[in-house]
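Trainee: Single-letter residue listing:
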Amino acid sequence: METCINLNDLNKWFGSFQVLDSINLSISTAEKVVICGPSGSGKSTLIRCVNALEPFQSGSVNVCGISVEKNGRNATDIQRRVGMVFQQFNLFPHLSVLKNCTLAPCRVLGLSDDEAGAKAMHYLERVRIPEQASKYPADLSGGQQQRVAIARALTMEPELMLFDEPTSALDPEVVTEVLDTMVDLAETGMTMICVTHEMGFAKQVADRVVFMDEGKIIEIATPEKFFSEPTHERTQFFLSRVLG
Amino acid sequence: MIDLRFYEIWREQIFVEKLINGIGTSILLMILGGIIGFIFGLALATARGSKIRFLRIPSATFIESVRNTPLIVQLFFVCFGLPMIFEYRWPFFASALLALCLNFSAYYAEIIRAGFDNVEYGQSEAARALGLGKNDILAYIVLPQALAKVYPSLVSQFVFLFLTTGIISEVGVEDLTWAGRYIADRNFRDFEVFIVLTIAYALLSVMFRGVLTATGQLVFPWYREK
Ligand SMILES: Nc1ncnc2c1ncn2[C@@H]1O[C@H](COP(=O)(O)OP(=O)(O)O)[C@@H](O)[C@H]1O
Ligand SMILES: [Mg+2]
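First to last, the protein sequences are chains A and B. So the mapping is simple: this note's numbering equals the position in the first sequence, first residue as 1, plus 17. So the mapping is simple: this note's numbering equals the position in the second sequence, first residue as 1, plus 277.
Okay, chain B solo, but in the shape it has when bound:
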């Protein structure tokens, strides 16, 4: 029988502090990354569906580049590559956040685009017949229906992306995974730390999913599954 000593984690106040900070950082990154990534994703989806080639081709290229390369490579590129090319210095948190936003936006864009494609043609036609212009039709008719249709997929994607964010500890962002490593490096209780991290990630996932699903019911009260 393995001898589990969880108290080795709680014993040191610094460990508990790092853990709590890590959870806070992970949540903050997800909330900011989720919101900003969603807004970028919306813009990308619109651009990719556009008739204008100057918008469509760059957005498609960006989306495919992100979806076909590992997050860790993107992370290093944004945290070290870009600052070297353009000669700027950002805190790791900001760089990592930017990398996550870009990564999320590509995945969201593809989901949102599927939503656009699924809004019945009769909807925009009825809107045109009322004299509404292109932008109004997109903003008031197509977009809300597209988002409602793909909302559950967006939530799943969000939770999935959350579970991949541990990778940002590689560039020194003090998130939950980083806190786990910090503790295990000092108390050598890798297994206990691993269990605590797993439970923390699982609880946070369930929490995110619950909050987002409830939000969806508030935002799309009219939506009926077909």
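Extracted from the complex, chain A is given alone in its bound form:
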């Protein structure tokens, strides 16, 4: 299988505090990986290193065949190939839904307005909200905003997608619509890393589940093994809390 992401002995500190501790992880093209772990364990920092939003001090990060430079010098080369969805959506409030999706393809990939618009409408249809294209984000519900955020990332036609707790800020009743969208996306063969505590999603979609604690990867397993026979005590404790 072709490798899409390779993290080799990745270490990162915030000042004297080590957020990432010797992370080794290799992810193949079209693989779906769910990352979970307690708050503050470094999950966000880890995926932010994957798309060069965070610099790191040692180790190597390889994404889409490009070696990410520690200081972020080639960050935009990575970022145009990697889509990201945030907990707080981070839609651009001053742009219509359509413009949210077309801005980067026009400016970064050099598409014309028409080309980008057609592509954006294609992905807005995929996330099932083409009818909202001319509205501003503030006029949409949280679930709709997050689906727009997914469409916005997809319009760049990324080689992989990162999700950082995409449903944590949502009202419970709209979580499903976003998860369904992510399941659909998974079925298209997209490479995905999802930080999430939605264990139902992990069981349904993930090829592997990664458990992190205190900046380390504690356990990596298939969902079947992860949920039925977690090997580490900390994983067991975490699962007992999350699964209730």
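To be clear, the hints were calculated from the coordinates, so they are not data collected in a lab. It is possible that some hints are incorrect.
Cross-link-like lysine-lysine pairs, in silico, DSS-like; alpha carbons within 25 Å at most [to be verified]:
id, chain 1, residue 1, chain 2, residue 2
1, A, Lys-220, A, Lys-233
2, A, Lys-136, B, Lys-328
3, A, Lys-116, A, Lys-136
4, B, Lys-295, A, Lys-87
5, A, Lys-152, A, Lys-136
6, A, Lys-116, B, Lys-411
7, A, Lys-116, A, Lys-87
8, B, Lys-411, B, Lys-328
9, A, Lys-136, A, Lys-87
For chain A, the structure is supplied; the task is to place chain B with the ligands on it using the hints.
Mentor: Using the frame of chain A, we list chain B with the ligands on its own:
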């Protein structure tokens, strides 16, 4: 009871002409000064927020110099000092306009900078995650949101600055204040002239505020007060 004789102002056609010209000059100065000052202010705010010291220090120095000295001193410096140092001659209108632009730009710059600081970090981060470059993020993401946030402050500042512009009559620009003085010096009806000027300034302020607020609603239709 004071004996008010407003007709002493309207009686002479030259007075009415000077008054109308004065209003026109004041409005023109404000429109030009407002627009040019805003563009300078934008550049200054960007420079002051820059990582490059060569840009940051001069812009900060300029902004603080302007904000900590009286407008009248700046006016004399630009209208008489600069032409002497660099040996050029400009009409008073142009010099006064330049002085106003420089003065406005410093105040605008500080307001705009506050706007930059208030745009959520997640916005530029999301833009970076899409592969947008620094300049695009500034122009397409941060700037529009920063301006929308501080637009009401910019409008208030504009109106406030308008009310200080009467001072340019000191260097012979024939604005509204100058017209008032011209008339009062000839008909000796200082009090009536004073009342007319006050009303004219108040009406113009209300007009500027109204036009600018309406413009804001057109330019930032998406903006919701948080
Ligand atoms: N910019 C930063 N500066 C200093 N510490 C940070 C910064 N960002 C995150 N941290 C710290 O790093 C740790 C891991 O953060 P994060 O990756 O966000 O964890 P998670 O996503 O698993 O909750 C936390 O203890 C957090 O306080
Ligand atoms: Mg997090």
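Trainee: Out of the numbered hints, which ones does the structure contradict?
Mentor: 2, 4, 7 and 9
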